[in-house]
Each structure stands twice: as structure tokens, then as C-alpha cells.
Amino acid sequence: MSKKIGKYLLLALFFFILTIFFLALKNDPRYISNDLIGKKIQNFKFKKLNGNNENLSHNDINKTTLINFWASWCYPCRLEHKYLIKLKQNTNVKIIGINYKDDQENAQSFLQEFLNPYDLIGVDNDGVESVKFGIFGIPETFIVNGDKIILKKFIGPLNQKNYQEIINIINK
Amino acid sequence: MKKIFFIYLFFSLNSLTVQANEMSDLEQKIFKNIRCLVCQGQSVADSNSEFSQTIKLVVKDQIGKGRSETEIYDFLVDKYGEWIIYDPLFSTSNFLLWFLPYFILLVGGLFIFFILKKKNNN
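If you read the sequences in order, they're chains A and B. Residues 1 to 172 (this note's numbering) are what the first sequence spells out, left to right. Residues 173 to 294 (this note's numbering) are what the second sequence spells out, left to right.
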């Protein structure tokens, strides 16, 4: 009798472990930003690009705003730049750019070469302040509403599909 | 007078060194428990990537502001999710992970105990 119970227990344990492994296979262990969606952004302060010690802060977000983290050394930022320009031309969304770990002269040259889609530009020389946004590489882009709630986060360069998504969110 | 000054200087420098070591021990402990999100299986302590360098600065900054180890983990988990911490935080969704090994050990121990007891009786 106890032998039978032991066998059933072993079998149950085997299937239990199998189920856990099977469920774990479905989990994506990589970093996903879904946790940030719906959260209010933390108070932040960046020095403005050529702003004579003026600061860019959370108080500058008073309507639906796109916050884009970029740098002149970042090749994918060049690829997405045309979509930011298009957004600037076709919508009235406020666009804030955060120049990430960059040389300010190079950043200026980048904007002269590819045009400036940003209403305001902040500078993060060491990347510390950007951690408040959960940044782990650039480019990354957020859509934040007037109440400073994160509506969407895009990791990597924006593409045509993302552009359309942004338009849909703005027009909601 | 000179002697007293040197003794004072020695103890001041010594206590500063101890404080600095304590600080770096805590930093090291935290760095080792934070996953480098852009690396393959490396902690922030093992990595020299841009991400790790930034996180190291953030941790130093937070320690400087007097935040505790748990508060620093909470801050990073809030921004990057629980994946960033190697040592998982205790929660209702992972309590099995914490207690299952003990449970299995207990059940296994009882199982062996009863088998041996039965053998002895026979």
C-alpha cells in the first residue's frame, strides 16, 4: 500500500516539476517595459541644451508629450529621426528630447544636419537622471499625457508602425 | 603636542578608511545582485557596459543620499522590473520558490524515515 502511495507521490512530483518547467518556457525573461505603462513619471530635472543653466523638468509636461532619448553617436537615432520630424510637422504633440551621454557640439551638429523636431532639449551627461525613466539604451521614446502618466514606451528606433501608433494615441 | 597631533591624524585617517571600505562593500554587494540588462548573464559588478556604468553611478548616488539596500532595489525594480535583481524579492507569486525546497526536503526525509522504519520492523 505504502509502495503504491510512494509511486503516486513520485509521479505527482514529476508532473508538478514538468508543469513548472512548461510554464516557465512561456515566460519571457528579457526586460519588458510593460511595468512602466500607467505609472506616473518621477520628478526629473535635466540641464537644457545651451540653456544657460536653465533646467528642463517634469513641470514642462502639461499636455500629451513625446519624450525621446537620443544621442548624435547613436546610429538607430538617425534612422528614427525622420519620424520625429514627421510628427513635428503633422501633429501638435509636444516633443521633448533628452540628449543622452553626448558631446554638446556633436548634438548641435546632429540637429543642424537632420533638423530639430524638439520643442525642448535636456542634457543627461552621465545617464543617471534617465534611470528614472528605466532607460537602458537609446533610442527610447515615451508618450506621456498631461497628468504625466506613461501611455506607451518604445524601445529602439521608431518605425512607420510606431509612428502610426503614436498618431492613434495622440488622436484618442 | 606634535605627538598628539599625529595620533589624532592617524585615528582620523583610519576611521575614514574603514568608512570608505564599508561603503565599497555595500556597493559591491548591491552591484553583484543587479543584473546587467544588456549583457549575457553578467551582473553589473562583472560588466563594464554603458548600462552597468550608469547603474553603478545611480547606486553610489543613492547610497550617498542615505538610501538603504532595500530602498535601492525597490527603486530599480520600480524602473526595470524584478528581472533586474538576481535575488528575487519575496512575494505571493514566488512563495513556492522559497518554501518548496524545504517542503520537498521534509517530505523526502519523512519518506526515507518511514521506509527505514518499515525495513527495521521487518
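Since the hints were made in silico from the structure, they are not lab data. It cannot be assumed that every hint is accurate.
If you want a taste of the chain B side facing chain A, the calculated C-beta under 8 Å gives, among others [said to hold, decoys possible]:
hint: 1; residue: Ala217
hint: 2; residue: Phe223
hint: 3; residue: Thr226
hint: 4; residue: Leu229
hint: 5; residue: Asp233
hint: 6; residue: Ile235
hint: 7; residue: Arg239
hint: 8; residue: Ile257
hint: 9; residue: Phe283
hint: 10; residue: Ile284
hint: 11; residue: Phe285
Where chain B lies over chain A, by a calculated footprint (3+ residues, C-beta under 8 Å) [stated by the list, open to error]:
hint: 12; region: 120-129
hint: 13; region: 134-145
Negatives, chain B to chain A, calculated, CB over 10 Å [to be verified]:
hint: 14; residue: Asn205
hint: 15; residue: Ser215
hint: 16; residue: Asn220
hint: 17; residue: Glu222
hint: 18; residue: Gln225
hint: 19; residue: Ile227
hint: 20; residue: Ser240
hint: 21; residue: Tyr252
hint: 22; residue: Ile276
hint: 23; residue: Leu288
Built from N, CA and C at the ideal position, the CB exists for glycine as well.
Checked hints:
1. Ala217: 17 Å, violated
2. Phe223: Nearest chain A Cβ about 5 Å off; hint holds.
3. Thr226: OK, holds: Thr226/B within 8 Å of chain A, min 4 Å.
4. Leu229: Since chain A brings a Cβ to about 5 Å from Leu229/B, closer than 8 Å, the hint holds.
5. Asp233: 6 Å, holds
6. Ile235: 13 Å, violated
7. Arg239: 13 Å, violated
8. Ile257: This interface hint is violated because 12 Å lies over the 8 Å limit.
9. Phe283: The hint holds - Phe283/B has a Cβ within 8 Å of chain A, the shortest such distance being about 7 Å.
10. Ile284: Hint violated; Ile284/B Cβ to chain A Cβ min 11 Å, cut 8 Å.
11. Phe285: Violated. Min distance 12 Å.
12. 120-129: Coverage by chain B holds for the region 120-129 of chain A (3 residues, Cβ < 8 Å).
13. 134-145: It holds, with 3 qualifying residues against the three required.
14. Asn205: 16 Å, holds
15. Ser215: 15 Å, holds
16. Asn220: Label holds. Min Cβ-Cβ 14 Å, cutoff 10 Å.
17. Glu222: At about 7 Å from chain A, Glu222/B fails to clear the 10 Å cut-off, so the statement is violated.
18. Gln225: 8 Å, violated
19. Ile227: Label violated. Min Cβ-Cβ 7 Å, cutoff 10 Å.
20. Ser240: 18 Å, holds
21. Tyr252: 5 Å, violated
22. Ile276: Label violated. Min Cβ-Cβ 8 Å, cutoff 10 Å.
23. Leu288: Holds, because the least Cβ-Cβ distance between Leu288/B and chain A comes to about 12 Å, which exceeds 10 Å.
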